[in-house]
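Undergrad: The chain contents come next:
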Amino acid sequence: MNKVVASAEEAVQDIANGSTIMLGGFGLCGIPENLIAALVKRGLMGLHTISNNMGVDGFGMGLMLEAGMIASHIGSYVGENRRLEQMVLKGELALTLIPQGTLAERIRAGGAGIPAFYTPTGLGTVVAEGKETREIGDRTYVLETALRADVALVKAWKGDRLGNLVYRKTARNFNPVMATAARVTIAEVEELVEPGELDPDHIVTPGIYVKRMVVGREYKKPIESRFIREKMAQAGGAA
Amino acid sequence: MNKVVASAEEAVQDIANGSTIMLGGFGLCGIPENLIAALVKRGLMGLHTISNNMGVDGFGMGLMLEAGMIASHIGSYVGENRRLEQMVLKGELALTLIPQGTLAERIRAGGAGIPAFYTPTGLGTVVAEGKETREIGDRTYVLETALRADVALVKAWKGDRLGNLVYRKTARNFNPVMATAARVTIAEVEELVEPGELDPDHIVTPGIYVKRMVVGREYKKPIESRFIREKMAQAGGAA
Amino acid sequence: MNGKERIARRIAREVKDGYYVNLGIGLPTMVAAYLPLGIDVIFQSENGMLGVGIPPLEDVADPDLINAGKQPVTEIAGSSYFASDESFAMIRGGHMDMSVLGAMQVDEQGNLANWTIPGKMVKGMGGAMDLVAGARRVIVAMEHQTKEGESRILRQCTLPLTGTHVVHDIVTELGWIRVTPDGLMLTEIAEGIGPAEVQARTEAKLAISPDLTAMVVV
Amino acid sequence: MNGKERIARRIAREVKDGYYVNLGIGLPTMVAAYLPLGIDVIFQSENGMLGVGIPPLEDVADPDLINAGKQPVTEIAGSSYFASDESFAMIRGGHMDMSVLGAMQVDEQGNLANWTIPGKMVKGMGGAMDLVAGARRVIVAMEHQTKEGESRILRQCTLPLTGTHVVHDIVTELGWIRVTPDGLMLTEIAEGIGPAEVQARTEAKLAISPDLTAMVVV
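Residue numbers (this note's numbering), protein chains in the order written: chain A, 1 to 239; chain B, 1001 to 1239; chain C, 2001 to 2218; chain D, 3001 to 3218.
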C-alpha cells in the first residue's frame, strides 16, 4: 500500500471545477501550503471552500481568493483578507460565517456518520435564524447538520505511506477532523517515514482517512501576528 | 497542581451510594482494576453503572456484580457473566443493552456539550423503539441523547500529576471518552511521570478532564479469550 | 475442506488490494487466513485498532493488545490505536470498505438478525448494529442451515433484527447470494449441487442469475 | 495604572488555584500577566492547546505554536495539543472554569455582543459564541464606555448578539457588575468615584449592592 504521489500537482490533478474543498489550518498555522500552490497553478474555478480562516492577502488561501477561484466559503473568521470585503459586497463570493466550534463539530459529524446534532452555541443569535431549536432538559439547543466535502487538503508533520499522520503542536487544529469528512483526503507532510516508525499509540490520523499523500517541497510558515516577549513588556500583557 | 492521591481507597472515598459510575475498559482490557477493588471494599450499594461490558465472573466488574452493588447497568455486551442472567430475571438488576458505537457516541456527546444527535445505528430494531426517527437526506435516523455520570473511573498507562494521560495499545478503548463525561473523573495509572515527560503531542487525555489520580498497586490483566497461533493452525483461522 | 473454510476462502477472494475491512467474531475471522497473495488489506478491530496482525505466540501475548473477540493479536508495521468513540466514528462514517459478519438469519429485504434469541439470555449486540449501519459493504458469512436443518435465509427474519436493509451479500457453503432490490439472487453455486437443491434448502425465494457460475474457493 | 491594566489586575484576582481558563484576544489576554503568586492556572487556547505559556523571545518563535490570537506562545511542563473538534468539545462540554472575553455591548439580561457591527465588514465570530455557550463562568472585560463616551452596558444590546443570557460578570475600570436574575448589580467600585457616577455612565439600570466594596487591583 503506497499512497504517496510524486508532486502536489499530481495530488490535486483530478479535482474538478466547482468542487467542495475543506482546507486545514488555523490562520497560517498548519495550512497545506504546497497543495494550495498546486490548486492555484491549476487555475480551478468555482470552488466551494470550507476552512476556519482564509489565509491573508498574499499567502495561503489568500492566493486562491486573489485568483478568483472561490465561489463560496464557509468559515468562522476571515478578518485578515482585505480583498474579501469587496468580493462579498459585489456578490462575487458567497460567505457564510459560523461559530468555530460549530464548524469543527459539523465536520466531525460529517466524518462520523452523524447527520445532525443539537448544540447550545449560537442560540438567540443570527446563527440560529431559520434553524430548528429544541428544549432538552432545562436548556434550548439549535439543530446543526453535518458538513462533508469532495476533497480535504490537510497538512501534517510526519506521515507514512499507509497514510498514518502525526501533527506538530498547534499546527494540528482542523487538519485531523477534516481528514475524516471528505470523499478524497489528500495530505501533505513535511517528512515521510517508514510504516512502523510512528508509534501506533501516537498516530492522530489513521491511514484509513487518507487517500493520497505528498511530501511538501518547501514550507514558508509565516507567523501572522508577532507578539513576542519584548513587546509584551511594553503592552503589559501575556498569554 | 497535584491530583495524585495516596491510594485507590482514598480516590473513591467520597462516591455515594446510588451514584452513576462510568467504568472504562473493553472486556478485561484496560479496566480500572484497583479502583474497582476499592469500590468493592467500600461496599457501595445501588450503583448505576455504564460500561461496555461487565467483567467476567470473579474479575473486574464481575466482583461488583457478585457483591450486589449494581442496581442498573448500561452496556453493549455482557455475555461473560453467568450470575447476571438470574439477577436480571429476578428483577435485582435493570439491564439496558445498546449498540457499542451508540454507547461511545452518547458518552462523547455527554462530554462535548451535545445533548442529542441522530444516528443510523439501530434503525428498525428494538434499539429504536420509542425513539424519535427522522429523515435527513435520503436516509432515516434515530435520535439518541447524551450520557453523563457522577463519576468516571478510567485506567491509563502513564500520567502526570496534572492529570495528563496516555494509554497503551487497545487498553485505550472507552477510557478517554468516559474521562470527558463525568462530574468527577478518577484515573488510575500504571506509572506516574513528571509533567513535561509526556510529549504534549502524544497526550490523549488532557489533564482538564481528570480530577483525581492514583497509581495502581498491582495489575493482574488476565487475557479473557486465548486464541494463540498454535490454536489458529488447528481452527484454520486468524485475525 | 469443510463448509466454514469454503465460506472463508470464497470471501477472502472478494477482498481487494487497499481495502479496510472489519471481520466479525468466529467464522468471519477466518477470512484473514486465506487472503490472496500480494494484496495489502488492513483489518480494523472495533475496540480501537487498525492494522490487526496475526495472533501472537502464547508466551508473548499482550493483555493490552486484543481484538474485538478479546483474543490476543499483534501489530503490523503501520498499525494505529484509537478510542472507542473514534473507532465507531470510523465505522459509522462509512470508512470501512467491507464488514464480514456472522448471522442467525437473513431475509429477502437484506434484514439481518445476529444478536439475540428471545427467551435465551440476552448477551448484547456489541458493535454489530453499528457495523451493519456503517460499512460500505456488508457480507454475511454463515452456514446455510441451522444444525437442525432449518433455513437461515428467510422470506422474513423472525428473530429481533440487527439492522434493516443492510446486507449486500450472503455467502454460505452452498453458494453466493446477492441481495437485490427485487430480492435474493443466487450468483455462484458450490460444486456438486444444483440450483434446485439450494432453493430446496432455502426458505426465501431465490432468483437464479443468468450468469450463474461455480463458487471458486481456491 | 491605566484602565485596561486595572481591569486585567482585578480579574486576575478572581482566578483560583487549579482553574482552567480561556482568555480572549486583546485585553483579556493581559489577565495572565497579573495572576497571584503561588497559584496554578492552566490556560486554554481554542485553536487546540492546554497549558499556554508566555510569549517566546522573537528568535525562537515557532510558527507551529501559536495561540488563538495567532501570536507565538510557548509550552509549560504539562502542555497538551488537540484538534479543533476536541478543543471545542472541551469548551462546549463545560470543562472550562472561566472564560474572559472582550465585548462591544452587554445588557441587563447578560446578553453579549462582541463580534460584528452591521454595515462594517463582517470578520466572523471565531470561537466566541462557543466560549460563551460553554464556559462555566463568563467574565466580560471591557472599558466602561466607547471612545465616544457611549455606554457599553445597555438595557438591551443593539448589536447582533454573540450569546443570550451568557454573561455572569462585567468588569470595567469603574467597577465589578454582577448579572443577576433581577438585572445588573454593582458589587465593587473603583477608587475615587461614587455609585451615582457609575450609574450616570451606564445606560442599564444598576442596583447597588448593600455590600458594595472598593475594587482592589493589587
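These are computed hints drawn from the structure, not numbers from a lab. There's no promise every hint is true.
What the hints assert, rightly or not - In silico DSS-like links for lysine-lysine, alpha-carbon gap of 27 Å or less:
(1) C:K2016 / C:K2004
(2) C:K2016 / B:K1221
(3) A:K220 / D:K3016
Said to hold, decoys possible - Computed beta-carbon distance windows for the label pairs:
(4) C:D2211 / B:R1226: 56 to 66 Å
(5) B:E1135 / C:A2207: 49 to 59 Å
(6) B:E1135 / C:D2182: 21 to 31 Å
(7) A:K221 / C:L2037: 37 to 47 Å
(8) B:G1130 / C:A2207: 29 to 39 Å
Here the structure is a predicted model, which is why all the values come from computation and not from measurement. Yeah, the Cβ is synthetic: ideal placement off N, Cα and C, and Gly gets one too.
Undergrad: Please work out if K2016 (chain C) and K2004 (chain C) have their alpha carbons no farther apart than 27 Å.
TA: 21 Å, holds
Undergrad: Is 37 to 47 Å a correct range for the gap between the Cβ atoms of K221 (chain A) and L2037 (chain C)?
TA: 44 Å, holds
Undergrad: Please work out if K220 (chain A) and K3016 (chain D) have their alpha carbons no farther apart than 27 Å.
TA: 40 Å, violated
Undergrad: Is it true that D2211 (chain C) and R1226 (chain B) lie within 56 to 66 Å of each other by Cβ?
TA: 45 Å, violated
Undergrad: Mind checking the hinted window 49 to 59 Å against the Cβ distance between E1135 (chain B) and A2207 (chain C)?
TA: Once the Cβ atoms are compared, 30 Å apart, the range 49 to 59 Å for A2207 (chain C) and E1135 (chain B) is violated.
Undergrad: Does the structure keep K2016 (chain C) and K1221 (chain B) at a Cα separation of 27 Å or less?
TA: Violated, because 37 Å separates the two Cα atoms, which is more than 27 Å.
Undergrad: Cβ-Cβ distance between E1135 (chain B) and D2182 (chain C): within 21 to 31 Å?
TA: The hint (21 to 31 Å, Cβ to Cβ) holds, given that E1135 (chain B) and D2182 (chain C) are roughly 24 Å apart.
Undergrad: Would you say the C-beta atoms of G1130 (chain B) and A2207 (chain C) sit inside 29 to 39 Å of each other?
TA: Distance hint for G1130 (chain B), A2207 (chain C) holds at roughly 37 Å.
Of the hints listed earlier, those the structure fails to meet are numbers 2, 3, 4, 5, in rising order.
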